[in-house]
Each structure stands twice: as structure tokens, then as C-alpha cells.
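Undergrad: Listed below, chain by chain, are the residues.
2 protein chains.
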Amino acid sequence: GRTTGSNGEIIVCKLSDKRRVTVSLFKGKVYVGIREYYEKEGEMLPTQKGISLSVDQWKKFKEAVPDIQDIIKQRL
Amino acid sequence: GRTTGSNGEIIVCKLSDKRRVTVSLFKGKVYVGIREYYEKEGEMLPTQKGISLSVDQWKKFKEAVPDIQDIIKQRL
Numbered sequence: 001g002r003t004t005g006s007n008g009e010i011i012v013c014k015l016s017d018k019r020r021v022t023v024s025l026f027k028g029k030v031y032v033g034i035r036e037y038y039e040k041e042g043e044m045l046p047t048q049k050g051i052s053l054s055v056d057q058w059k060k061f062k063e064a065v066p067d068i069q070d071i072i073k074q075r076l
Numbered sequence: 001g002r003t004t005g006s007n008g009e010i011i012v013c014k015l016s017d018k019r020r021v022t023v024s025l026f027k028g029k030v031y032v033g034i035r036e037y038y039e040k041e042g043e044m045l046p047t048q049k050g051i052s053l054s055v056d057q058w059k060k061f062k063e064a065v066p067d068i069q070d071i072i073k074q075r076l
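Residue numbers (our numbering), protein chains in the order written: chain A, 1 to 76; chain B, 1 to 76.
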């Protein structure tokens, strides 16, 4: 089964020790989260440093991935 | 040429009226930003609601894109 966080979100991957990419369900809608977490009493809890994307925003972001990669490779 | 923001960052795309994906150079390092902005005196300025990914974090995130898409399609 998948790894879930303290709020029931699916942890898709870790970007760093404290940063996670998640998919969650909130009030009937799906959100993709990219967020920093902190540890408290053995749990990893979300901080304000991050953003939750709606599915529409996620689609736009996904479409931008090749452009982002091009810009990075061109070294700005 | 590309659209740039108030801090010289490259605006790759808009996710919503206030949310942008950017690529920036800061102290010699490249960052991918996903952030909410607010309007002040005709400029769009960044808020704390967002995250800046290092290139290593960006690579991990990019690799996770197919998994995120699978999870969304499976409707959790």
C-alpha cells in the first residue's frame, strides 16, 4: 500500500529531508501538495511553506514541465 | 523574449490569476518557484505561500510526475 501522512494524504515522494509531494482529498476535491514539513512528537506535520494545487492548476503545471526543463538546461 | 517578474525571475506560466511558476537565479543557483503573488502598485510581488525548489529537488519532482498523474486518475 501507499505511504500516507498524518492528514491521510498520499506521500508521492520526498524532495528533501523535510519536503514532500503529496496527493490529498479535501472537501471532495483532489489537491497536489508540494510542502515543507516539521517533526513534532514523532509525526511529520505540514508548514505554511508550500502550495496545494487544484487539479486544473496541476494540469497547467504538468504542461509547463518541458519548458522549465529547457530553461534550466539553457542555464538562464 | 521571455516574461520576467519584479525580481528578474523568468515567468514560465500562470497556474491561476495569482499563481505562477518561475525559474530564477539566486546567489548563483537556479530555483524553480511555484508561488502565489499579490498586486501592489501595478506590480505582482511574491507571497510566502509557495515553495522554491533547488535543481535537485526539481529533478525529483519531475520524476514523480507520472506517479502523481496515476494517483489522480485512480481518483485516490
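It is worth saying that the hints were derived from the structure and are not from the lab.
Beta carbons: idealized from backbone N, C-alpha and C, even for Gly.
One thing to keep in mind: the hints can contain errors.
Said to hold, decoys possible - Calculated cross-link-like contacts (lysine-lysine; reagent style BS3-like; alpha-carbon spacing at most 30 Å):
no., chain 1, residue 1, chain 2, residue 2
1, A, Lys14, B, Lys40
2, A, Lys29, B, Lys27
3, B, Lys49, A, Lys14
4, A, Lys29, B, Lys59
5, A, Lys29, B, Lys29
6, B, Lys40, B, Lys73
7, A, Lys60, B, Lys40
8, B, Lys40, B, Lys29
9, B, Lys40, A, Lys40
10, A, Lys18, B, Lys14
11, B, Lys14, A, Lys40
12, B, Lys49, B, Lys27
13, B, Lys62, A, Lys40
14, B, Lys49, A, Lys59
15, A, Lys73, A, Lys27
16, A, Lys40, A, Lys60
17, B, Lys59, B, Lys40
18, A, Lys27, B, Lys27
19, A, Lys27, B, Lys29
20, A, Lys73, A, Lys40
21, A, Lys59, B, Lys59
What the hints assert, rightly or not - Listed next, the stretches of chain B that the computed footprint assigns to chain A, with coverage defined by at least 3 CB atoms under 8 Å from CB atoms of chain A:
no., region
22, 20–31
23, 39–48
24, 61–71
Undergrad: Each of the hints needs a verdict: does it hold here or not?
TA: Right, here's what the structure says about each hint:
1. Taken as a hint, the A/Lys14 and B/Lys40 pair is broken in the structure, with Cα atoms around 35 Å apart against an allowance of 30 Å.
2. Distance restraint check for A/Lys29 and B/Lys27: the Cα-Cα separation of roughly 38 Å exceeds the 30 Å cut-off, and the hinted pair is therefore not satisfied.
3. The straight-line distance between the Cα atoms of B/Lys49 and A/Lys14 is roughly 19 Å, inside the 30 Å bound, and the hint therefore holds.
4. Proximity of A/Lys29 to B/Lys59 is assessed by CA-CA distance (about 27 Å); at most 30 Å being required, the pair is judged to hold.
5. For the given pair, A/Lys29 sits about 35 Å from B/Lys29 by alpha-carbon distance, which is inconsistent with the 30 Å threshold.
6. Distance restraint check for B/Lys40 and B/Lys73: the Cα-Cα separation of roughly 38 Å exceeds the 30 Å cut-off, and the hinted pair is therefore not satisfied.
7. Using a Cα cut-off of 30 Å, the hinted pair A/Lys60 and B/Lys40 holds, with the two alpha carbons roughly 25 Å apart.
8. Taking the CA atoms of B/Lys40 and B/Lys29, the gap is about 27 Å. The hint holds against a cut of 30 Å.
9. Between B/Lys40 and A/Lys40, the direct Cα distance comes to roughly 37 Å. Violation of the 30 Å bound is thereby established for this hinted pair.
10. Between A/Lys18 and B/Lys14 the alpha-carbon distance is near 26 Å, which keeps this suggested pair within the 30 Å criterion.
11. For the suggested pair B/Lys14 and A/Lys40, the alpha carbons sit about 35 Å apart, so the restraint of at most 30 Å is broken.
12. For the proposed pair B/Lys49 and B/Lys27, the alpha carbon gap of about 22 Å is at most 30 Å, so the pair holds.
13. A threshold of 30 Å between alpha carbons decides the hint, and for B/Lys62 with A/Lys40 the separation of about 29 Å falls inside it, so the pair holds.
14. Our distance criterion of 30 Å between C-alpha atoms is met by B/Lys49 and A/Lys59, whose separation comes to about 19 Å.
15. A threshold of 30 Å between alpha carbons decides the hint, and for A/Lys73 with A/Lys27 the separation of about 39 Å lies outside it, so the pair is violated.
16. Taking the CA atoms of A/Lys40 and A/Lys60, the gap is near 34 Å; set against the 30 Å cutoff, the hint is violated.
17. The straight-line distance between the Cα atoms of B/Lys59 and B/Lys40 is roughly 33 Å, outside the 30 Å bound, and the hint therefore fails.
18. With a C-alpha separation of about 41 Å, the suggested pair A/Lys27 and B/Lys27 falls outside the 30 Å cut-off, and the hint is violated.
19. A hinted pair counts as satisfied when its Cα atoms are at most 30 Å apart, and A/Lys27 with B/Lys29 does not qualify at roughly 38 Å.
20. A hinted pair counts as satisfied when its Cα atoms are at most 30 Å apart, and A/Lys73 with A/Lys40 does not qualify at roughly 38 Å.
21. With a C-alpha separation of about 18 Å, the suggested pair A/Lys59 and B/Lys59 falls inside the 30 Å cut-off, and the hint holds.
22. Coverage of the region 20–31 of chain B by chain A holds. Counting CB-CB distances below 8 Å, 4 residues qualify, and the rule asks for three or more.
23. Residues of the region 39–48 of chain B with a Cβ under 8 Å from some Cβ of chain A number 1, which does not satisfy the need for three, so the listed coverage is violated.
24. Only residues whose C-beta sits within less than 8 Å of a C-beta in chain A count toward coverage, and the region 61–71 of chain B has 9 of them, enough to reach three; the restraint holds.
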